[in-house]
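Number of protein chains: 2
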Amino acid sequence: MYLYSLSPSPPLPLATSVPPGGYDEYSAGSSSRAAGMNGSGPTKLVDPLEDPLPGVGTYEDFNTIDWVREKSKDRDRHREITNKSRESTVALLHSVSDAFSGWLLMLLVGLMAGSALAGGIDIAAHWMTDLKEGVCLIGFWFNHEHCCWTSNETTFQERDRCPQWKSWAELIAGTAQGPFAYIVNYLMYIFWALLFSFLAVTLVRAFAPYACGSGIPEIKTILSGFIIRGYLGKWTLIIKTITLVLAVSSGLSLGKEGPLVHVACCCANILCHLFTKYRKNEAKRREVLSAAAAVGVSVAFGAPIGGVLFSLEEVSYYFPLKTLWRSFFAALVAAFTLRSINPFGNSRLVLFYVEFHAPWHLVELAPFILLGIFGGLWGTLFIKANIAWCRMRKTTRLGHYPVIEVLLVTAVTALLAFPNSYTRMSGAELMSELFNDCSLLDSSQLCGYKQPVNTSETGVDNSLADRPAGPGLCTALWQLALALIFKILITVITFGMKVPSGLFIPSMAVGAIAGRLLGVGMEQLAYYNHDWLLFRGWCSPGADCITPGLYAMVGAAACLGGVTRMTVSLVVIMFELTGGLEYIVPLMAATMTSKWVADAFGREGIYEAHIRLNGYPFLEPKEEFEHSSLAVDVMRPRRGDPALAVLTQDSMTVGEVETLVESTHYSGFPVVISQESQRLVGFVLRRDLLISIDNARKRQDGIVSASLVVFTEHCPAQPPEAPPPLRLRGILDLSPFTVTDHTPMDITVDIFRKLGLRQCLVTHNGLLGIITKKDILKHMAQISNRDPDSILFN
Amino acid sequence: MYLYSLSPSPPLPLATSVPPGGYDEYSAGSSSRAAGMNGSGPTKLVDPLEDPLPGVGTYEDFNTIDWVREKSKDRDRHREITNKSRESTVALLHSVSDAFSGWLLMLLVGLMAGSALAGGIDIAAHWMTDLKEGVCLIGFWFNHEHCCWTSNETTFQERDRCPQWKSWAELIAGTAQGPFAYIVNYLMYIFWALLFSFLAVTLVRAFAPYACGSGIPEIKTILSGFIIRGYLGKWTLIIKTITLVLAVSSGLSLGKEGPLVHVACCCANILCHLFTKYRKNEAKRREVLSAAAAVGVSVAFGAPIGGVLFSLEEVSYYFPLKTLWRSFFAALVAAFTLRSINPFGNSRLVLFYVEFHAPWHLVELAPFILLGIFGGLWGTLFIKANIAWCRMRKTTRLGHYPVIEVLLVTAVTALLAFPNSYTRMSGAELMSELFNDCSLLDSSQLCGYKQPVNTSETGVDNSLADRPAGPGLCTALWQLALALIFKILITVITFGMKVPSGLFIPSMAVGAIAGRLLGVGMEQLAYYNHDWLLFRGWCSPGADCITPGLYAMVGAAACLGGVTRMTVSLVVIMFELTGGLEYIVPLMAATMTSKWVADAFGREGIYEAHIRLNGYPFLEPKEEFEHSSLAVDVMRPRRGDPALAVLTQDSMTVGEVETLVESTHYSGFPVVISQESQRLVGFVLRRDLLISIDNARKRQDGIVSASLVVFTEHCPAQPPEAPPPLRLRGILDLSPFTVTDHTPMDITVDIFRKLGLRQCLVTHNGLLGIITKKDILKHMAQISNRDPDSILFN
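Chains A and B, in that order, are what the protein sequence lines are. According to our numbering, the first sequence is numbered sequentially starting from 13. According to our numbering, the second sequence is numbered sequentially starting from 13.
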């Protein structure tokens, strides 16, 4: 004999197939998950396309969504549209347009992110960076390069020197030479840097506090189901775009790649409002945001496939295959839009596209792995130092003066950066210089080799062959070494300030400098020791055997990998930058080493560390839960705690329910048959409950505090003078997730992650307790000896 | 008050933190999921590294694994190793080697699949294909190209004509010209084709019946958790490798790409036996198999990234990020191994690597989309026709004569293919020819354009500019048209025969022919109508505006997309073949169109269609469950069926249990408190139960049919003369998955897919029924009006 708890209800139908017309009861139950009808009779089919009660089924700020409910809502909606489409042509067209709205949205996201934003940001930042050094006389809106193009008086060699472009010293002091001119330029450089950064930080503070930082930790959390209202809003978009340009131009040690992801997500979120399907469904919207993250990286690095893999690997939580395909589409659209805008004037997507010509040798894997170790150590140190600094900012008085902090850091950066040409140039330019393979015509200091004198003797006329370092290169190496130390120190305190700041470019710059230094070192070692066993056979005199640019690239990948712990996406992004399958192996070796070394000191990347620092409720999908605890160890109430706050299905009054809800802060309540039996009927959300009661009190006649709240299908018999009952079966989730008390926590955590739950009831033939995401995170914090109270939200 | 069902047990500890030493009871419960101890006391911690009872926790052939249990088992194992590693240095080393064994395995898989197999298969197939036409006098083991290289008497132009290479007519009849020589060659061609295919089909039938077909449908099913013993075994590997070479060489319309995936998976499966971690855990082994699928595609197309995405998109079921990274590693190793073997002598990974030089114009999107429509229609038609043919083979007498069928098809293929040079050459060579961009020196028939006479008049000396078709090209077009019809018809009956047969190359060939035809058509249209509005501005006389090779490539992608419904992976594979971001947009447009057109006629690709044809239990992760049924509509028992077969926790004897197990065919039984209350305690698997009882009867004293089977911690009081009870709590799963009867089926299906369940219990405050994967598949079949009895396995 089976047990039925809904005492007056008829036996459940155990029919093999769907009885004609006899489905309504269950359909109502299922679609009421979505729409949340108040007082709807059990046989009335609720139309999921209409919200009968505004607010029911939505979420509060700083709360986690229920993925299962959202996806179920979307399926109900889809089913409804499909069913209707058989009825009329208009409905059929509606169904088709609904199916294609996702693609249209992706197209729009790609176009908007690629053109208006990435292109605009690139052009504006380029112009403003040059403004720190001088101004164009033909028109102040031209940047240095453009100014000299327009002038037509320049040769190819001196394309960046032309009479129309005046440095500030020339304009103000009338001279371009001498110490006085240098000081004028220096001061003007600091002035502009301070002005830009002041504007940036004040704009952020005044209009959009969410616009600061890289935004990736928050986007990761949002994609996992958290709600931060306004984080992806129009103000954030506008202010972040403007201040990103200002911050990048101010010369601070930060990049635009991370913030571009945030900006692209803002675009996507705003465009979502054009389509009901995405506006009303938090889960569907997150699919679009995942694609937008791919778009952001795609325009930042000109790497559409790398962008999609970045989104898949690093930021996304729920990434169905359909989203993979759409992300790819959006990323491609964005990349092509950006290329047609051509912000760098070279029909390349990025400033540091590289082409190497010489192959690498197996022996070189040793220095590459060395770079990997350096990258891993740098990643670990950076994360630890940056988190310590950010924690200090959070807890001490330092955090109260963000403007002063930004101005101070800018002043220090500008003061130290100006004298060294490698720190004065922007991060992207620096990398472009470091990745560069020296050709004969190259006038760069890094290519200051001595010309070989004995080419005729050796019979080799390969002018690209390895050559001894000249004085130019030696100076460059010193400057690079200083730049390395400067970048390492300044990046730690820059990341996390109240301006938009990305981490990709500074991290990569550190690695690129280290790599170039090692590369030149290897090159010179090989030049002077051709007869060593190590070099014999592949690096004979006159051979072009070691490419320092490749070392720079490998170093950049290693350092970025150490900080972010990206793997596949990093290698693919780098592969798309070089375009050659050849160099994947060095990149892979360095990235793997870097990740292993960094993981040995702590498994979390910079983004996870910031998520933890901020106490967001984020269940890392990559980490395994290793402890052997059981659900019963984690659930609330604990032993000694007061009993779980539950509602009964048909014996509490509106007043009692209100008192219970008011006296607790839980976001949902299990509904049981009676306080005595504790047999589970369903689960009801606090917000839905409050809205429904509030609405009923206002609109429904006779609902008073003494009215009975009824979650069953049929009302219990009441005395005739009693007020009418308030029927709330519509907002009751009849299929809450349950696990038994003996379920190991590793399985429970897996269920939470994979299904995207926010709570789960623990049963043992009756309700025993509840586990929320916060409980799990607190339990995990406790296991790894961290403060469980650092988890702030649910 | 909470309800406890285990009547004599002490109250459950609701402790906040882990009580020291007080954990054992639960740990035993959790790790006994893994090890399955028989008769272990409740306080004894079971070592998950040792199997106390062989067979417990394993699966029968043609059954689905329990992903949750397997993953939990692996976590227990890992926890054990980690805990031990703190004790001694040896254990620490063991832990480190355990962590790196995954990488080592990947390296081995990459090396083995890349070298021994893919390289060997390429070289052997190349040689044997040439053997059909003639033999090398220097050494019969040289293929045509190699033979003429070695001879050194050949010029670059005539690299494939040299005196050392003799056609069969020259050898047998002494003449290379005339109708007699032609007939001799024709007959020899048919003879070799028949010999090769006869050998292939007899070897498959005699030694490894699983070696036939492409293997991808079965691998998809295996990766989703199904067990087919021997499918990935050593015999399958050996026989499939040999017969694949034979089948490809026989000239049948089939490719080696799909079977290469199968072969790579066999390698991986065999190598798994070297590592305990993978040998003993079905879930971990499937991670390796997913990576192996990526390796297969990586070596087939020289596309490591495309291979990984193929595995992710098309074949894998459970693909954690860790596997993504490892697959990428393995795919790269394989690609580089293959390249160092250099089977094609051009340091390229594939025969049809292409480089285009001319850009494409937006107007050309129209013909590309047209190709997409063609691809979609071809895909639909192919799937329908092939499935109908395969069903006929299954149900009629045709299936009883596989050898005759293969010989007949081979004879027809050889007979029709020989006279047409485009069908005579292998699929890969055909594609290489069709993708080719005509240069001036090209002697191929497809480049038989008339030389422009008026270059001096127009002042343009671009010899690559569009030219009118000459007689050579016209002949080629006729031959291609005939080849298209032939390929379309023969591929339908070839795929599914009892020889290894891939589908990629034949599908792509169909598309490539169609694309090339359309491309040449467009080119000639533009040549004769330069003044049309359509061509004005971008395709003026003398411009190199239309590349027929690109059309062939787009057509190939469209047709492959129509048949397999691949998206991202297809575009990335094609991108890796061309190496240019430019051509992604045409490829994407065609692939998207093709998928949409094909999906309009039926959502399943060829692999899913074959899975369904074979009745495998596969829950398609891409398809949404759209119906609004509830768990109660799907569960067993149905209304009117006999009650669910359940065990009670402490009131059934060994004899009763055996009778119950014997009289049913269920693969597991819920355990309840008593027949009267139906309160759920746990779930026990049939196999574990049988093995444990069998073992106890043999080894344990006093276990007779009258012994009580006890699933509780403490035995109930028994009369003193009663036989000792059989304690089976160790094999009881104390945390079976449950859903309520009101749970919508879309959510239930989602749970099944995401967690990889094989069964789920339906409760309503007590056990109500059970839903298995088979029940869900039957329900889905019923909804879409298919025969529910076509689902054969569970």
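Rather than coming from a laboratory, the hints here were simulated on the basis of the structure. Small disclaimer: the values here were computed from a predicted structure and weren't measured. Take these hints with a grain of salt, some might be off.
Using 30 Å as the maximum straight-line C-alpha spacing, the simulated DSSO-like pairs for lysine-lysine come out as follows [to be verified]:
#1 B:K334 x A:K334
#2 A:K296 x A:K334
#3 B:K334 x A:K96
#4 B:K289 x A:K334
#5 B:K396 x A:K334
#6 B:K634 x A:K292
#7 A:K396 x B:K289
#8 A:K786 x B:K334
#9 B:K289 x A:K634
#10 A:K634 x B:K634
#11 A:K289 x B:K634
#12 B:K766 x A:K766
#13 A:K766 x B:K396
Okay, the hints, checked on the actual structure:
1. B:K334 x A:K334: holds (21 Å)
2. A:K296 x A:K334: holds (11 Å)
3. B:K334 x A:K96: Cα-Cα ~43 Å, so violated.
4. B:K289 x A:K334: violated (33 Å)
5. B:K396 x A:K334: The hint holds at about 24 Å.
6. B:K634 x A:K292: Holds: K634 (chain B) and K292 (chain A) sit about 23 Å apart, inside 30 Å.
7. A:K396 x B:K289: violated (34 Å)
8. A:K786 x B:K334: Judged against 30 Å, a Cα distance of about 26 Å means the pair holds.
9. B:K289 x A:K634: holds (20 Å)
10. A:K634 x B:K634: holds (23 Å)
11. A:K289 x B:K634: Within the cut-off at roughly 20 Å; holds.
12. B:K766 x A:K766: With Cα atoms ~6 Å apart, K766 (chain B) and K766 (chain A) stay inside 30 Å; holds.
13. A:K766 x B:K396: Since the Cα atoms of K766 (chain A) and K396 (chain B) sit roughly 35 Å apart, the hinted pair is violated (cutoff 30 Å).
When the structure is compared with the earlier hints, violations turn up for hints 3, 4, 7 and 13 and for no others.
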